[in-house]
Each structure stands twice: as structure tokens, then as C-alpha cells.
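J.: Given the structure of chain A, go ahead and fit chain B onto it with the hints provided.
Protein sequences appear in the order of chains A and B.
For the first sequence, the numbering used here gives the first residue as 214, with consecutive numbering after it.
For the second sequence, the numbering used here gives the first residue as 117, with consecutive numbering after it.
The reader is advised that the hints may include incorrect statements.
Estimated spans, in silico, between C-beta atoms of each pair [claimed, not checked]: (1) A:Gln402 to B:Ser316: 27 to 35 Å; (2) B:Phe269 to A:Val252: 22 to 30 Å; (3) B:Ala415 to A:Ile355: 13 to 21 Å; (4) B:Ile416 to A:Asp462: 23 to 31 Å; (5) B:Gln413 to A:Glu413: 39 to 47 Å; (6) A:Ile355 to B:Ser316: 32 to 40 Å; (7) B:Asn175 to A:Pro293: 57 to 65 Å; (8) A:Ala406 to B:Ser316: 27 to 35 Å.
Simulated from the structure, these hints should not be mistaken for laboratory data.
C-beta atoms are modelled at their ideal positions from N, C-alpha and C, and glycine is treated no differently.
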Amino acid sequence: MTTTVRADDAELALAPVGPHDPEPTAAPTRRTPPRRRRVLQVLTYAALAVFAVIFTYPFVWLVSASFKPRSEVFDNLLIPKTFTIENYLNIWQEAPIGVWLVNSVIVTALAAISVTASSALVAWGFAYFRFRGRGLLFALVIGSMMLPGAVTMIPTFLIWNGLGATGTLTPLWAQNLFGSAFYIFLLRQFFLALPRELFEAAKIDGAGNWRIFTRIALPLCRPALAVTLLFEIQAAWTDLLRPLIYLRDSDTFTIPRGLKSLLDQFGFGGEWHWEVIVTASVITTVPMIILFFIGQKQFVDGIATTGSKG
Amino acid sequence: MSASSIAPVRPGRLRARRRETLSALLFISPWLVGFLIFTLWPVIYSGYLSLTDYDVINNPNFVGLDNYTAMFEDPKIALSLGNTLIFTILSVPLHIIVALALALLLLRAARATGFFRTVFFLPKMTPAVAVGVLFLLIFNGQDGLINRVLGFFGISGPYWTTDPAWVKPGLVLISLWTIGSSIVILLAALKNVPTELYESARIDGAGFWQQTTRITVPMISSTIFFLAIINTIYGFQIFTEAYTAFFGAGNTTYSNDAALFYVIYLFRQGFEYLHMGYASAMAWLLFVVILIFTVAQFAISRRVVYYEGDVR
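Chain A with its partners taken away, still in its complex shape (with noise of 0.2 Å):
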């Protein structure tokens, strides 16, 4: 999607304010009078701007804290009275942030790119073949959504611990191997928007099934599949109740995780290092921010397709 503006918008927008004596109590007119429109537009920016405010402080407070020595952290200065990066120095010692980053890293990375590919592989087998009882299945896929996680976490669970993989990181995203159905029906979408003519003429030519895939699909449904990457890594990172679950001890903790249990220690336990707390949660926050400017275009677009979807 882009950002054009709706061709009356841009009009209100452009259209030259003239010298008309301008009636702002005057009956029904056709068009808003000239004056108050550009009052409007006014009040539309500072409107907007208000709330841009709201939406951003809250980062801005917490970078700002993140800056700011012990004492100072509930100050609520935007800028620091003492400014300090000795939080973001001991911050390694305080905690092992480090290996929390690396267990996220290594988690994402895996789960993201194995929920791509196999739900690239599903979506495809559901939008390309025709064959009996694919209605039925789509609809096991879809109906799937709908089943709270709450159901199958405990069985699930007691499947990761009887194969003793309670405490490694291998329940955190080994699920993915097997598809999700979100990103199924999204790819499924886009792979039936695509013209059917491309792939009888592969076929022609006597390319296979995997071929045709791996060739002709993939490469052309590449913005969903960047979707997709897109948003389980941010599923990926920000989870809490699965290592909440499957982690015992520190070294295993991903990044929420560990700030959790920072949270725990330090905010909760007596200590009040809240200098910690919010350096953490900086150290959380800023690789999502990155992704967002990475795939800003991505994110905005799939996720105007899942409202069109309703």
C-alpha cells in the first residue's frame, strides 16, 4: 500500500484559498468555506501531533531513564540531569544479557525461517493441487485459529517434557517445523492471486511440482514471504509464556524472559535497582524498533490484508 491521500483530500489540501469572503455561519453551503477548512487541517495536524506525543513519550522516557544514575530514574526530566552509559556498562556484570541475547537470536532466527518455509510448502500444496477433501483440511486449518492456546498448552507441554526437551530452547519454536495456519492462509491468498497460466506452462515445458515451487512460486510470492519472516520474528522475540513454561534456569532464558526475571529480582525482590530494569527493557525494545524500520513497508501492508481478510 502507499501513502497516497484520497484524491478529495489532496484537493482539501490544495486547493488554493482565495479571497472569497468566507461565511462560517452560513447556511448548508455545497463545500465548507475556505477558512474554516484550513482551520480544520489546523486542528488536524494538532490533533495528531498531541497524540504523536503520547504514542512516543513512553519510549522516550524509558531511553531517556535508561541514561539516568539510580537516583534519577523516576525524575521524569526528559533530559538527564547527570547524563551516565554506566547502566549500559554494568548492565553485563548485573546479568547475563549477553547469552539472553545470543538464546533470542539463535530462537527467532529458527523459528522465523522454519514457519516460512513450511508454511510456504502447505499454502502451496492447499492453493495449487486439486484433490479430494482439500476443502475439509482448509477448513481443519482454519477452524484451528480459532482453538485458544490455553487448550493445547498443557498436552503440549507434557509432549516436550516426555521427550525431555523441557529446559532446552527446542520447544520454543520446534512447532514451526510444522506450519502455522495464520501464515498458511495468508500465503495460501497470495499464491491464488497468482496467474494460473505460469505454472500449466511450466509444466509444459516439463518442469515438476518441486520446480515449479521452487522456481516460478517462491521467487514471485516473495513480499508475503517476507511478511511472514516479518512477523514471527517479532512473534519470536517478544514471547513470554512459552519460556515461561519450558526454562528453568538463567542460561536458557531468552531476552523477555530474562527481563522478566530481572523484573523479579531487581524491581520486586527488595533491591530497587530500577536503573536495571529499564536498561533491560531498552536492550529488549530496540531490535523490534529496527525490525519495524527494516520491513515498515511489509508490516503496514500484511497487516492491512489481514483486516481486508474480515
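T.: Relative to the frame of chain A, chain B by itself:
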């Protein structure tokens, strides 16, 4: 029309079709295997566990419907379900109204739409744990930013993180900070409303408010409905933000009944107290409650939602 009918007709159509089915099954096999292991079996086993006492160490002990009857006598079930309902009922409408208001503003921002959309979306990227931490800091009763701002206007703000009456409103407010995806979805829907409708309305003398309530909202009602459904489902499963801020190892001071949401209680029963049978029964109750709300929303939507091409 079908792919198989064009396929090389060597030994016969039937064989080609069989091969096509086989290929299809190969492609969907990851999902098929995953579905059997991680959805179908867990659903069945969870149903069985809900009829047992199970602590992972000893074998499940069949107790019939005891877990379900016990839920009726457990005051924390009513409490956590009530908390969750209050949170959902407060947050879903507010969420949609604020997101719609912001999307409408964005639509009028001409060339700055993209910039402001980015700004409004960014908080959505914040990990939920960090949102929980931010809640504790910004909504702190004494030094928190929110109360400082309120104090500036002469209002003495409540103790958001410790006063049971204000915990849920506080969590609803912070949840509004992450409505970025709803704004994006609504903005996309708004851009699809035919502009002729507004033009003719303007000719008829309809003002902004009338245009919004008579044209915009009805035209995007299917999107609003979609958001209502998914946000209700999410609302019922609220966990991370509240768990981060109010529960956890060694945290006794902040444990707060007002923030005990249903999935948090379920998690504690299952993984902290190892009452896996009871937690499974709780999961099924949650499933039924969500189902009832979703069906009710669909029933209401048949009366109020407009789908393009609908014949009335």
C-alpha cells in the same frame, strides 16, 4: 479447468489424478503431521486430563467431573473470569473508538499520513514484557509520569498499580498504547470507501459528524466487526503485560487479585501448582466462554454489519 485434466494423458486420467493427490499430500504433510501431534492429540488429551487429577509426577487419576464442579466453588475462578470480562468489555470498544478516531485523523493528514501512521504503529512493536514494565513505571502512583501530568492539571491521580479499583482501568489505558495494527487496518478500510458517497452527502448538506456516522461507520462495519471479534478473543487471553507487572517469582508485595486474569490463573494452576487436570478443565471453560461471545457477536453482526453487494 482443472490442472489434472491438462496433464499428459498417458496411462489415464485416474492415475494422473492419483499422482496429483499424492503430490498435494506431500506438500501439506508438514501441517498434517503437526496438526495430528500438536492440535488434534492435545485437544483430545486435554479433554481427558480435565477429567483427572494430574501432577506430572504421578499417573492421571480419573475423577469424573470433579474439576468442573470444583470450578464453581473456587472463588478465584469467578474472580479471574470477572476481571477478564471487565478488561475485555472496557478495552474492546475503547480500542475501536480510539483507533477509528486516529484513523479518521490520519486520513485527513494529506501527505503526512505515512509519517503519523509510523508513529502510531511503533508502540505495537514493543515486547509485551516491556509494556508491563512501562506500566509499572509510568503508572506508578507516586512518581509515575501519568500522575505527574495529572497533577499538573490539579488532579491527584490514583494509585494505578496498587489500588485494586484502578488496576484494570490502568491496564486498559496502557493497552490502548498498542493499537497500531487496528489503526492500520481501519485506515486501509477507510481508503476503500467510495468518495462519491461523501460528495453526494456533502451536496445534501451533511456535516462531518453525519458523514462519519451515516456513511463511514456503516461502510466499514465489516472491518469494525472483524476487529471486535479478534480483540475480544485477545482480550480474553490477556496474559503477558499483567503477569509481568503483578506476578512472578518472589513477588508477594505486588500480587494483586485485581490483576488476576483468567489465563494467568490457568497458568498458575497448571505450571506453578501442577494442577494439570484442573488447568485443563479451566481451558475448556475458557474455550466455551470465547465461543459464546463469538457466536453472540456474529448474531449481532447479522443485523448491523453491511457487506458490499448485500441485498436488503
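J.: Evaluate each hint against the coordinates.
T.: Status of each hint after checking the structure:
{"no.": "1", "hint": "A:Gln402 to B:Ser316: 27 to 35 Å", "verdict": "34 Å, holds"}
{"no.": "2", "hint": "B:Phe269 to A:Val252: 22 to 30 Å", "verdict": "25 Å, holds"}
{"no.": "3", "hint": "B:Ala415 to A:Ile355: 13 to 21 Å", "verdict": "20 Å, holds"}
{"no.": "4", "hint": "B:Ile416 to A:Asp462: 23 to 31 Å", "verdict": "49 Å, violated"}
{"no.": "5", "hint": "B:Gln413 to A:Glu413: 39 to 47 Å", "verdict": "42 Å, holds"}
{"no.": "6", "hint": "A:Ile355 to B:Ser316: 32 to 40 Å", "verdict": "39 Å, holds"}
{"no.": "7", "hint": "B:Asn175 to A:Pro293: 57 to 65 Å", "verdict": "58 Å, holds"}
{"no.": "8", "hint": "A:Ala406 to B:Ser316: 27 to 35 Å", "verdict": "33 Å, holds"}
Of the hints listed earlier, the one the structure fails to meet is number 4.
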